[in-house]
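Protein chains: 4
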Amino acid sequence: MPGFKGLAVPGPSNMPFRIRQAMDVALEDHRAPDFPQFTQPLFGDLKKVFQTKSGQVFLFPSSGTGGWESAVANTLSPGDKVLASVFGQFSLLWVDLCQRFGLEVDVIDVEWGKGVPLEGYLQHLVADKEHKIKAVLVTHNETATGVTSDVAGVRKILNELNHPAMLFVDGVSSIASIDFRMDEWGVDVAVAGSQKGFMLPTGLAVVCVSQKALMAGERAKLPRCFFDYRDMIKANAQGYFPYTPAATLLRGLRAAVDMLLEEGLENVFSRHNRLASGVRAAVEAWGLRICAQGSEWYSDTVTTVFVPEGFDANDVIKTAYFRYDLSLGTGLNKLNGKAFRIGHLGWLNEIMVMQALCGVELAMRDVGVPFEPGAGAGAAVRYLSDTGQAMRIAAE
Amino acid sequence: MPGFKGLAVPGPSNMPFRIRQAMDVALEDHRAPDFPQFTQPLFGDLKKVFQTKSGQVFLFPSSGTGGWESAVANTLSPGDKVLASVFGQFSLLWVDLCQRFGLEVDVIDVEWGKGVPLEGYLQHLVADKEHKIKAVLVTHNETATGVTSDVAGVRKILNELNHPAMLFVDGVSSIASIDFRMDEWGVDVAVAGSQKGFMLPTGLAVVCVSQKALMAGERAKLPRCFFDYRDMIKANAQGYFPYTPAATLLRGLRAAVDMLLEEGLENVFSRHNRLASGVRAAVEAWGLRICAQGSEWYSDTVTTVFVPEGFDANDVIKTAYFRYDLSLGTGLNKLNGKAFRIGHLGWLNEIMVMQALCGVELAMRDVGVPFEPGAGAGAAVRYLSDTGQAMRIAAE
Amino acid sequence: MPGFKGLAVPGPSNMPFRIRQAMDVALEDHRAPDFPQFTQPLFGDLKKVFQTKSGQVFLFPSSGTGGWESAVANTLSPGDKVLASVFGQFSLLWVDLCQRFGLEVDVIDVEWGKGVPLEGYLQHLVADKEHKIKAVLVTHNETATGVTSDVAGVRKILNELNHPAMLFVDGVSSIASIDFRMDEWGVDVAVAGSQKGFMLPTGLAVVCVSQKALMAGERAKLPRCFFDYRDMIKANAQGYFPYTPAATLLRGLRAAVDMLLEEGLENVFSRHNRLASGVRAAVEAWGLRICAQGSEWYSDTVTTVFVPEGFDANDVIKTAYFRYDLSLGTGLNKLNGKAFRIGHLGWLNEIMVMQALCGVELAMRDVGVPFEPGAGAGAAVRYLSDTGQAMRIAAE
Amino acid sequence: MPGFKGLAVPGPSNMPFRIRQAMDVALEDHRAPDFPQFTQPLFGDLKKVFQTKSGQVFLFPSSGTGGWESAVANTLSPGDKVLASVFGQFSLLWVDLCQRFGLEVDVIDVEWGKGVPLEGYLQHLVADKEHKIKAVLVTHNETATGVTSDVAGVRKILNELNHPAMLFVDGVSSIASIDFRMDEWGVDVAVAGSQKGFMLPTGLAVVCVSQKALMAGERAKLPRCFFDYRDMIKANAQGYFPYTPAATLLRGLRAAVDMLLEEGLENVFSRHNRLASGVRAAVEAWGLRICAQGSEWYSDTVTTVFVPEGFDANDVIKTAYFRYDLSLGTGLNKLNGKAFRIGHLGWLNEIMVMQALCGVELAMRDVGVPFEPGAGAGAAVRYLSDTGQAMRIAAE
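For the record, the sequence lines run as chains A, B, C and D.
Under numbering that gives the first Met the number 0, the residue at position 283 of the first sequence is numbered 282, and the numbers go up by one with no gaps.
Under numbering that gives the first Met the number 0, the residue at position 278 of the second sequence is numbered 277, and the numbers go up by one with no gaps.
Under numbering that gives the first Met the number 0, the residue at position 12 of the third sequence is numbered 11, and the numbers go up by one with no gaps.
Under numbering that gives the first Met the number 0, the residue at position 91 of the fourth sequence is numbered 90, and the numbers go up by one with no gaps.
One should not assume that every hint holds.
[To be verified] No farther apart than 27 angstroms at their CA atoms in a straight line, the calculated lysine-lysine pairs in the DSS-like style are these: (1) 4/A x 4/B; (2) 155/A x 52/A; (3) 113/D x 333/D; (4) 128/B x 155/B; (5) 220/D x 220/B; (6) 131/A x 220/C; (7) 317/B x 233/D; (8) 220/D x 133/B; (9) 80/D x 220/B; (10) 233/C x 317/A; (11) 317/D x 333/B; (12) 80/B x 220/D; (13) 133/D x 155/D; (14) 220/B x 131/D; (15) 333/D x 233/B; (16) 80/C x 220/A; (17) 131/B x 220/D; (18) 220/A x 133/C; (19) 233/D x 337/B; (20) 47/C x 80/A; (21) 133/C x 155/C; (22) 220/A x 131/C; (23) 4/C x 333/A; (24) 233/C x 233/A; (25) 317/D x 233/B; (26) 220/A x 220/C; (27) 133/A x 220/C; (28) 4/C x 4/D; (29) 233/B x 155/D; (30) 333/C x 233/A; (31) 46/B x 133/B; (32) 233/C x 337/A; (33) 133/D x 220/B; (34) 133/A x 211/A; (35) 317/C x 233/A; (36) 133/A x 155/A.
[Claimed, not checked] Each pair of labels, with its calculated beta carbon distance range: (37) 237/C x 42/D: 53 to 63 angstroms; (38) 99/A x 16/C: 14 to 24 angstroms; (39) 37/C x 333/A: 19 to 29 angstroms; (40) 220/A x 234/C: 28 to 38 angstroms.
These aren't lab readings, by the way, just hints derived from the structure by calculation.
All C-beta atoms, glycine included, are put in the ideal place defined by N, C-alpha and C.
Next comes chain A alone, as it looks inside the complex (with noise of 0.2 angstroms):
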């Protein structure tokens, strides 16, 4: 079918023809005399994106489920417990490992449209006298519904309580997209992925580990081998990996890194902000539903989109994909059917915002859903030209 086709689905996201370009390399020896010039300022690079100065990155060539994997095993023992909450596809998924690595899991279920339940964690906490729990999970960006949740309050509430659990967070789709603070929010291990924020290709995970994390690994008896941070720890610290690397995702990652840096975090966070209200002034003027309940959840990296009754959100999806050569995000589990979930994350500006809604208003406008045709594309050009002028006064 001609044309480019359109991606906006909440990860893999669009890759800037400066990654392809610095990944499109021959081959190179992981273990040449130089290698190490290029990975060590890598690494020093990558603390700045996680706002760490004493974490510690590793670099896995897996993806951000192996990023959860290394967490829990690397620093946790059968039969360990970990308090967690539950509100999307991929906060289940990260409770269903712990469960099969032996851990108990206190879960917290929560309505899908809402984010990590403070109140909750709160009352588990207090409840836990003998500090049993080892660790609590956070899902910063539920990607499935499009719910961001507040990591900062977690830590006060632990801090509060002075208790010593870890803090584990899944960032993978919000980090290098949504404000992430390792050390001010005392974060312990959190996994990143680098096909979300980082632009790339999927394959490698991007982990930051606290000290304190790096301690408990010495006494946790969960067995690992590919993911052990201490083989990481011990070949990274000469530039060196403890098997093969997936050097191309690397040489892409440095570029990465360099445009994030050159873009600057705090301006890429506004930046997502941004187009991120623009596709919610859009959803609105459509009178559409969308599945964050509240502004304190909305994500700037994926609105998640109820259809309404009577149509099937895979029937917009899928004249979105074959006729428009538009990718959304289908909904997942319970949402599947309901929802179709808009990405805005990473590369991406004013017009590939807004081919994504005219593309979801030529699919609804097919399918039959009722609505004015161009109100949700209006409303984008309104809100994105005012705060664009907005933003400029400010500049200036």
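Chain A is fixed; fit chains B, C and D onto it per the hints.
Quick look at chains B, C and D alone, frame taken from chain A:
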């Protein structure tokens, strides 16, 4: 600036990844023993794009301007008379080229917004009892104004008068996008460029020449070497070139021709027409005027849009470019400041058109052009959704 | 430094342009409705590369080490006994992984330069009357020493003893380069990586598992999630993956498998053998010794070459790298400083081998290693020219 | 056929990945408001490559032949006399071009293997009391024979005679590889192409013109339009082009010029000289004769090698190409069948040279040319190792 740039100029057009990949190859020896196995089928398939059986295709490492020059230098002698009409920047430049080569040009000036004046041509040709006019020039699609002319109509006049003049067509922004029929229309030299309907980088003049024009070349006295058809004929017959060809572009051209033929020329043309109609629906909904003065002149590859009195079209263009990463075409010559151009040709689908229209909306709103945000986008959504369904029903 | 770098390490290997092009694509939605039409034939064709009908192929975004881990974690329980032999860095590391996962490993230490000790395996298996040994590990091609072992021989022993242990094979540097027969040899888990015979960037563990091993997984108690075959089986059956797959590498893998099958596995293997023989002829002409202690151990993908007493192999490697842009493999573990390695696998032809050999000559001459310049190159030219003609005569 | 192809023709040369990446970009609007910020520094830096301060550089979407044509068409009038010498296929073709443009050419025929005859030029210029000779043509590096001529010597003659003729130099296979000094040598038009020392795909004529030649253009009566310097001057002054430029190649040219200037022209030239000397050492060791009849004519970018009597050079070339994936240059015109050419220019290092030499050895041995396998490779290894160390000592 983050995000992909949008390209909505009337050439260069958007290059498909398949073509990029086809050109992302190591350089090669153009005298390799198996080079003819690559070039000869390519020449054969190019003839299909020109809809010719008897014409001969030439590939010069050059641009459209070089193609114009080749037409003149290979077929005419100093002092020869040609008939031409001017109704935009490109028809103007071709006349200028003829004059520099010492030809006597009968020029008919036409209001910009209209195309080749059949009546005027008829008068000149009727008056030319002695057949001093050796060639008649037609700019099939005037890229400056977005006006498509009636080549078949010119041929009809020549035939009715039994006038032996050659028919030269500038098809740079029409061929491979808008229906062009070399044989049926009796065209003697047709000039195309790589960067429009062929979806390639600039760098190839793709020229198709009738046997009649080749024979005229025997007596033509204008000097030529780089653009000499005779050297090309001799070398091409063996599958080679008289000097180093732009082999990388030829590899891309192979992919482009494959894509055009796989889609089917009919489908390529109707796709361009439908997408262009969507653009025109949007312009109408904005309450703006287009340059082409009537639907008989509408171009399916470029639309030239006037801004309202009191506005500078260049403000829209610069705002679109610098704030919204969208390249629009500038108004050329006397249209400068008065109009901007939306290119809609080549590797294009609905969401790419919508992106360009929304970029125009964003820029116009920033600049203060009065219109209802979303009106253009909505009109296009309606048109494209409605006609898309019609097309699918027709296909069943 | 000007000029192309030469890559003569035993993985990553040289990536063909066709594979680069196949991966130079925009990122894509791995949940797209037509994704299964891409993945399902790919799984089918991968089985041909493993020469299996009944095995099941898994693709993890990981590396060979992850493939090893998947073999162990999916089929065994803590305390299970496995039989293994160590004769190089990679056979050593696999044993280490088993121990970390709480397995009891019967390790046979073998002199580096030899491979799997059939006699030793026989003794252990005969002694294992109670069938406590659940799996037998074989490093098919030890990349550190350039030694290929007899997998079929191990299977023969198991069959003759009617021993039910599973047979696990590390084929990372053999599969797709050296003959490997999953079904005929009764292999239960075979582990390959993307960056060797598959000519891709690092980032995929390509694993093939027998039905017997899959059934063993039902009772296996080692924890796993990222590497869990069960999740993969379920999702792959629909053409999808349990978590985001490395889709870009999958696109490259499609091209790689096409290339292997188009060339024909038989031809791939004999090409590797002929080019490796050319390398060995050169080493002999230099008067140097290779690590493999006899032609029965010769590896067709990597040759480990000892430098003479008094020389440091790392000087040769660094000189080749920094002065001549050629990457040679370092000596690993106890071979460090004593040997360098020439990788000759994947996308390789005669002139690439000659380039590597000449790079070695240049570096050795700079370093002062005594040899006759041109001797190695000349021996390889003779061998390759002679056998090339023989091959062509055979083909007629 | 598996493996990378080797390219050892005298252009196109091997394109560096950095240049490929620089050109692997989306197409762009050549009328964009910030396009001049790209083009103007590029023109400035190109002057450094020509070693000129006062010359003006032109970039035509064309090839070297177009550059020749531009030199003639922009500065001369029909009937003007030029002085030229022929000693190979390319000097021959330039003369032919002049004749087709109606110039009167004083041609000195020189034995192929020698270069510009200073003595002959002196005689013609002395005899030309009336200064009817308007231009003197010099093929700096005859690509057919591998002969470099003395441009400075021609300038010296002109100066001594105070002859006002312009000096035109074909530097297609010398500029950016072999020392070329526009200002110091008083060159009036220098012609280069993108696909040799500039390491780019074919498609740009890179021409440098003195102020004297530009002034001559005011009176020149040959017709021109595509190649008209005057249009270029006017548009380039604003950072634009009179017609669509080959912008993708310009992006690559930016990278190429950066690479040349980063390496340093002096280093580029000495690298070419050293690698060429290695090739000549190999040819001597094979016992073969090169076309250049004395070291004063040796070309550092191409070596033309005679095969012994009774052999057909095309057999060597075809064998190298079809069996060993190596492109060698064919013998042109009367050298066809008698000689093959080894190109050694552009992005080249020692191991690339060695690869080409070994490919020649393999092909010659297959064909039966008598020589000692390894002799050429060994001689080159000796030469390159020895001179490499000398260079490094000199650098300390």
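Status of each hint after checking the structure:
Simply put, residue 4/A and residue 4/B have alpha-carbon atoms about 14 angstroms apart, close enough for the 27 angstroms limit, and the pair holds. The hinted pair formed by residue 155/A and residue 52/A meets the criterion: a straight-line CA distance of about 20 angstroms does not exceed 27 angstroms. Between residue 113/D and residue 333/D the CA atoms are separated by roughly 15 angstroms; this keeps the pair inside 27 angstroms, and the hint holds. In summary, the hint linking residue 128/B to residue 155/B is supported, as the alpha carbons are separated by about 17 angstroms, within the 27 angstroms threshold.
At most 27 angstroms may separate the alpha-carbon atoms for a hinted pair to count; residue 220/D and residue 220/B meet this at roughly 15 angstroms. Note on residue 131/A and residue 220/C: the hinted pairing holds, with a Cα-Cα distance of about 25 angstroms set against a maximum of 27 angstroms. About 23 angstroms separates the Cα atoms of residue 317/B and residue 233/D, which keeps this hinted pair within 27 angstroms; it holds. A threshold of 27 angstroms between alpha carbons decides the hint, and for residue 220/D with residue 133/B the separation of about 23 angstroms falls inside it, so the pair holds.
Note on residue 80/D and residue 220/B: the hinted pairing holds, with a Cα-Cα distance of about 20 angstroms set against a maximum of 27 angstroms. Pair hint residue 233/C plus residue 317/A holds up; C-alpha atoms about 23 angstroms apart against a cutoff of 27 angstroms. As the CA atoms of residue 317/D and residue 333/B are separated by approximately 58 angstroms, the hinted pair breaks the 27 angstroms bound. Restraint check: the Cα-Cα separation between residue 80/B and residue 220/D comes to about 20 angstroms, which is no more than 27 angstroms; the hinted pair holds.
As the CA atoms of residue 133/D and residue 155/D are separated by approximately 17 angstroms, the hinted pair is consistent with the 27 angstroms bound. Restraint check: the Cα-Cα separation between residue 220/B and residue 131/D comes to about 25 angstroms, which is no more than 27 angstroms; the hinted pair holds. Taking the CA atoms of residue 333/D and residue 233/B, the gap is about 19 angstroms. The hint holds against a cut of 27 angstroms. Distance hint between residue 80/C and residue 220/A is fulfilled; the C-alpha atoms sit about 20 angstroms from each other, no more than 27 angstroms.
At most 27 angstroms may separate the alpha-carbon atoms for a hinted pair to count; residue 131/B and residue 220/D meet this at roughly 25 angstroms. A hinted pair counts as satisfied when its Cα atoms are at most 27 angstroms apart, and residue 220/A with residue 133/C qualifies at roughly 23 angstroms. Restraint check for residue 233/D and residue 337/B: satisfied, since their Cα atoms lie roughly 24 angstroms apart, inside the 27 angstroms limit. Only pairs whose Cα atoms come within 27 angstroms are accepted, and residue 47/C paired with residue 80/A is rejected, the gap being roughly 45 angstroms.
Our distance criterion of 27 angstroms between C-alpha atoms is met by residue 133/C and residue 155/C, whose separation comes to about 17 angstroms. Taking the CA atoms of residue 220/A and residue 131/C, the gap is about 25 angstroms. The hint holds against a cut of 27 angstroms. Taking the CA atoms of residue 4/C and residue 333/A, the gap is about 52 angstroms. The hint is violated against a cut of 27 angstroms. The hinted pair formed by residue 233/C and residue 233/A fails the criterion: a straight-line CA distance of about 37 angstroms is larger than 27 angstroms.
Between the alpha carbons of residue 317/D and residue 233/B the distance comes to roughly 23 angstroms, so the proposed pair stays at or under 27 angstroms and holds. Restraint check for residue 220/A and residue 220/C: the C-alpha separation of about 15 angstroms stays at or below 27 angstroms, so the hint holds. For the hint pairing residue 133/A with residue 220/C, the CA-to-CA distance comes to about 23 angstroms; that is within 27 angstroms, so the pair holds. Among the hinted pairs, residue 4/C with residue 4/D is consistent with the structure: their alpha-carbon atoms are about 14 angstroms apart, no more than 27 angstroms.
Taking the CA atoms of residue 233/B and residue 155/D, the gap is near 41 angstroms; set against the 27 angstroms cutoff, the hint is violated. Using a Cα cut-off of 27 angstroms, the hinted pair residue 333/C and residue 233/A holds, with the two alpha carbons roughly 19 angstroms apart. A hinted pair counts as satisfied when its Cα atoms are at most 27 angstroms apart, and residue 46/B with residue 133/B qualifies at roughly 25 angstroms. The suggested pairing of residue 233/C with residue 337/A holds, with an alpha-carbon distance near 24 angstroms, which does not exceed 27 angstroms.
The suggested pairing of residue 133/D with residue 220/B holds, with an alpha-carbon distance near 23 angstroms, which does not exceed 27 angstroms. Between the alpha carbons of residue 133/A and residue 211/A the distance comes to roughly 12 angstroms, so the proposed pair stays at or under 27 angstroms and holds. For the proposed pair residue 317/C and residue 233/A, the alpha carbon gap of about 23 angstroms is at most 27 angstroms, so the pair holds. Taking the CA atoms of residue 133/A and residue 155/A, the gap is about 17 angstroms. The hint holds against a cut of 27 angstroms.
The given range of 53 to 63 angstroms is respected by residue 237/C and residue 42/D, whose C-beta atoms sit roughly 57 angstroms from each other. At roughly 42 angstroms, the beta carbons of residue 99/A and residue 16/C sit outside the given window of 14 to 24 angstroms. Distance hint check for residue 37/C and residue 333/A: the Cβ-Cβ separation is about 28 angstroms, which falls inside the suggested range of 19 to 29 angstroms. In this structure the supplied range 28 to 38 angstroms holds for residue 220/A paired with residue 234/C, their Cβ-Cβ distance being about 30 angstroms.
Comparing the model with each numbered hint stated earlier shows that hints 11, 20, 23, 24, 29 and 38 do not hold.
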